[in-house]
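Line order of the protein sequences matches chains A and B.
Per this note's numbering, residue 1 is the first one in the first sequence, and the count goes up by one each step.
Per this note's numbering, residue 305 is the first one in the second sequence, and the count goes up by one each step.
In case anyone wonders, no lab produced these hints; they're calculated from the structure.
Built from N, CA and C at the ideal position, the CB exists for glycine as well.
Hints may be right or wrong, so weigh each one.
Example chain A residues on the side facing chain B (calculated, C-beta under 7 Å, incomplete) [stated by the list, open to error]:
(1) Glu40
(2) Ser77
(3) Gly80
(4) Gly83
(5) Thr85
(6) Ala86
(7) Gln97
(8) Met99
(9) Phe106
(10) Phe107
Below, each chain spelled out in residue letters.
2 protein chains.
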Amino acid sequence: MEPFKVHILGCGSALPTTRHNPSMQVVECRGKLYMIDCGEGAQQAMRRSGLSFAKLGHIFISHAHGDHCFGLIGMISTFGLLGRTARLHVYGPEALQHMLQRQVEFFCRDLGYEVEYHPVDTTRQEVVFEDHSLTVETIPLEHRMPCAGYLFREKPSLPHIRRDMLDCYEIPVSQIQNIKLGHDYTLPDGTVVPNEKLVTPADPPRSYAYCSDTRFMPQLAEMVKGVTTLYHESTYASDNLEMAKKYYHSTAAQAATVARQAQVGKLLLGHFSSRYNDENILLKEAQKEFENSFLTNEKCVFDI
Amino acid sequence: MEPFKVHILGCGSALPTTRHNPSMQVVECRGKLYMIDCGEGAQQAMRRSGLSFAKLGHIFISHAHGDHCFGLIGMISTFGLLGRTARLHVYGPEALQHMLQRQVEFFCRDLGYEVEYHPVDTTRQEVVFEDHSLTVETIPLEHRMPCAGYLFREKPSLPHIRRDMLDCYEIPVSQIQNIKLGHDYTLPDGTVVPNEKLVTPADPPRSYAYCSDTRFMPQLAEMVKGVTTLYHESTYASDNLEMAKKYYHSTAAQAATVARQAQVGKLLLGHFSSRYNDENILLKEAQKEFENSFLTNEKCVFDI
């Protein structure tokens, strides 16, 4: 299987601590990087994780709270100093567009590349990006300001060729791509070997849903139904359920409820309140609802 | 002597690396903190150094390049989330004022304290701040945009009381402050003990000059004459003298030349180009000109 991973660069919430960076993740798929949220210190976090700036072409911002976007201007500025020429695409709520543009105009005169901002509708689930490898959909979330999650869906890959059959029928390498694309193979004596004898089924496409920040949304499970991996914010434990309600955040148990109802493969927890010195209390509460739950942490890399 | 220190939180230049943060320092004097420059990640760097946010009331920005000010908005935002009520004073070039104001308006609605911006004239050496402990003067620097260094001068302290004389003449504790302020002491029998018998001279006031970013300025030595500690940017070694000229930066040898001509106590080097994996080449070049030179590094604390 081709690598499809998420690098956690930050899993803290609004108040950065000595233990956690603010929100930032990098999705890696078929050699390309896609950033989700970009808190302060994102450029250094990327460097520390050994992730290549050159492979990053798209940044998806959930909302305009500082802990999700203060790292953008530093990143854009540094890319300019490094001589970048490739366009950088930023997706995010409309409100942020004007502010970012003003920052770029002020701090990054003579930028050698373009920053193209794509405002997304945070009230709808729709595809906002597509390339050869994947599509990205918005997920409408409910926070104190317009906020969207992002759902990365890998495009279907081709079936696997059966090497034993290639040998058996002495099929030349030049025909492999045709067979992967579904063609039968005709032997020199005219016998047709049907395609299904030559391949095994392709891997099922994987998907990653990023949901931060949001209060508990009963209808969210339907939107992220069956994703391979779900990241759902879990700012609080159940002892702070009222705080979660008040500030439009979720508890770990609520995140796990979404995961269970959506029948996802695994759940990643993050956006931890700085009040928890040990997030295992969050993990335990989540695992009661949905066993395949994991705490994220800086420098963790999860296979999707 | 009362502590008068500088905490180095970042000593890299425009391109942050895994080894260095961008420019940021905190001067500590008589229990208060004063920040100089505020690169991205400043709030986390302060936390990691164990420096109290509550003790910080004044931030001095040299110029509006991102590596000297991208951390400001994160710091201001976090102070708000932590419930700060005390006014925060920011000093810096006029150009930055409007941009910062717009960022604060956009990202920090309902801030529970005021951010007061004091534009400084970057073309003159003049006192821009004064409190009980120190004065701060601007130092006009020559960079690619308006840029000021800052000179912190400790106010004269009181003379030291001679404990042996207190005992000898049985002088009550209530009189110590009067004696420190210069009064003589009259014994019960009417004999006057002159003040100079009761005290030893006060410590000479210390001073710290921060000079970053600037090209080599022959006239700078006169402006920082005799300071206890000089921080002078040393972006390059002599092999990149032409780069230094072109980008209005200095070499380590040039920094040391200023230190030697100004007859300072010691020289701190910083704002290192990311091209040097080992800054000892800079240190050696500086020490040829001025022996009492030191490399700064994150988490270093220097007595001024």
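Original post:
So which of those numbered hints doesn't the model satisfy?
Top reply: 3, 4, 5, 6, 7
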